[in-house]
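Enquirer: The residues making up each chain are set out below.
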Amino acid sequence: MNKSSNQLIDYTLYLGDCALILGQRNAEWCAHGPILEQDIAITNITLDVIGQSRNFYQYAAQLINAVENKNVTEDSLAYLRTERDFKNLLLCELPNGDWAQTVLRQFFFSTFQQLLFEKLKDGPDEHLSAIAVKSIKEINYHIKWSGEWVIRLGDGTEESHNRMINAVNNLWMYTGEFFIAADYENSDLILLKNKWLEKVKDIFDEATLTVPENVFMQTGGKTGNHTEYLGFVLSEMQSLQRTYPGAEW
Amino acid sequence: MNNNKEHIYSLLEQVCDPEIPVLTILDLGIVRDVICADDQEIEIIITPTYSGCPAMDAIAFDIKLKMLENGFNKVKITYTLNPAWTTDWMTESGKSKLKSYGIAPPQNVSSRINKIMFNEEQNIECPLCHSIHTKLLSEFGSTACKSLYQCNDCKEPFDYFKCH
Chain A
1 MNKSSNQLID
11 YTLYLGDCAL
21 ILGQRNAEWC
31 AHGPILEQDI
41 AITNITLDVI
51 GQSRNFYQYA
61 AQLINAVENK
71 NVTEDSLAYL
81 RTERDFKNLL
91 LCELPNGDWA
101 QTVLRQFFFS
111 TFQQLLFEKL
121 KDGPDEHLSA
131 IAVKSIKEIN
141 YHIKWSGEWV
151 IRLGDGTEES
161 HNRMINAVNN
171 LWMYTGEFFI
181 AADYENSDLI
191 LLKNKWLEKV
201 KDIFDEATLT
211 VPENVFMQTG
221 GKTGNHTEYL
231 GFVLSEMQSL
241 QRTYPGAEW
Chain B
1 MNNNKEHIYS
11 LLEQVCDPEI
21 PVLTILDLGI
31 VRDVICADDQ
41 EIEIIITPTY
51 SGCPAMDAIA
61 FDIKLKMLEN
71 GFNKVKITYT
81 LNPAWTTDWM
91 TESGKSKLKS
101 YGIAPPQNVS
111 SRINKIMFNE
121 EQNIECPLCH
131 SIHTKLLSEF
141 GSTACKSLYQ
151 CNDCKEPFDY
161 FKCH
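Heads up: the protein sequence lines correspond to chains A and B, in order.
The opening position of the first sequence corresponds to residue 1 in the numbering used here, with each subsequent residue numbered one higher.
The opening position of the second sequence corresponds to residue 1 in the numbering used here, with each subsequent residue numbered one higher.
Just so you know, the hints here were simulated from the structure itself, not pulled from any lab data.
Just so you know, not all the hints are guaranteed correct.
Result set (DSBU-like, lysine-lysine): computed pairs, CA atoms no more than 35 Å apart in a straight line [as the list claims (entries may be wrong)]:
#1 A/137 to B/99
#2 B/99 to B/76
#3 A/199 to B/135
#4 A/137 to B/95
#5 A/70 to A/137
#6 A/119 to B/115
#7 A/70 to A/199
#8 B/115 to A/199
#9 B/76 to A/119
#10 B/66 to A/137
#11 B/155 to A/137
#12 A/119 to A/195
#13 B/115 to B/99
#14 A/121 to B/115
#15 B/97 to B/5
#16 A/121 to B/5
#17 A/137 to B/76
#18 B/97 to A/137
#19 B/5 to A/137
#20 A/70 to B/76
#21 B/64 to A/137
Partial pick of chain B residues on the chain A-facing surface, computed with a CB cut under 8 Å [said to hold, decoys possible]:
#22 51
#23 82
#24 109
#25 118
Heads up, the beta-carbon is just placed ideally off N, CA and C, and yes, glycines get one too.
Could you put the whole structure together from the sequences, leaning on the hints where they help?
Expert: Structure representation (structure tokens):
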């Protein structure tokens, strides 16, 4: 396998893993949302990102099978890889915390995803470009929904404001990783950082929140070095396929 | 056996969306192309509405079943993502069927989706009393493609097939 096809596979898996793990986390809200409409909203977003992950995994499987003569599928990629194989951003695997933390995580992630996918859209790989174009339409709704929640809670009551500050303090250190290129990514990724900060700052201003400065940034997700949380996410998500291999319904 | 494109399309006209059975897959604009090969094999190219639309597998199954019932044994379903599906592809007859079914059809073209925070699509007509004094309850509804509105006049909540 040559270096570039290996990189494309890793990159495609990274994109799929971010979407799947965030989807799995958000799905924990199913039937636990603060009110019915918002329970439906977060699970709809979950459905979108899991759909996106399927598109990435189907493409990754096609690439892997072509170069390695294997028979992997979207399901084996999701259910049969171990913790160190997953390349998702650390942010995606963090516990949901309270509603403030969940909506802020979604806002950080969707804002990043939109910038990244705008670049993918015009990139050289037709398949990734098609997935990006399709996903951006969904992401626009995710940004609007999560951004509105950040403003509503940040500029809300004393209680909701404090919860949003806690969420910022808990999550900020996981956002630096977005822009540090792994060896399967283009180094111009760093160019998205200012655009992302600008968008976050716009919403934070409206939400009466302050963008933290000089925070130590955690990294490792993109190369398979995860927080202790991912193992628990996988053990729940994969338990059925691990216990009853090939089970279908 | 008549396996020309027109005949295939007339059969596809009978395959309905499992979530919104009043719409056919042609009304929704899901079918992108039909290719009839010489050896009786038919390839039907479909595109998902949303990335995670759970109805896609059911739709592919229903298409195959409909084709089998009509003697077409060699049917290949191909998924495509490009160009990305948009509500602009929904037929006018599809829109009027939606309305009489109680779901407000998509109003604007997809390029006019409003990204401004707290800014909702206005003047969505209530499918029951036809008032345009309606308000958004949630941009996410009972399925990925719908949002939830309420009529300020008759107070009835209703689904709006949102622009995409």
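Enquirer: When the structure is checked against the list of hints, which entries are broken? Sort them ascending.
Expert: 7, 24
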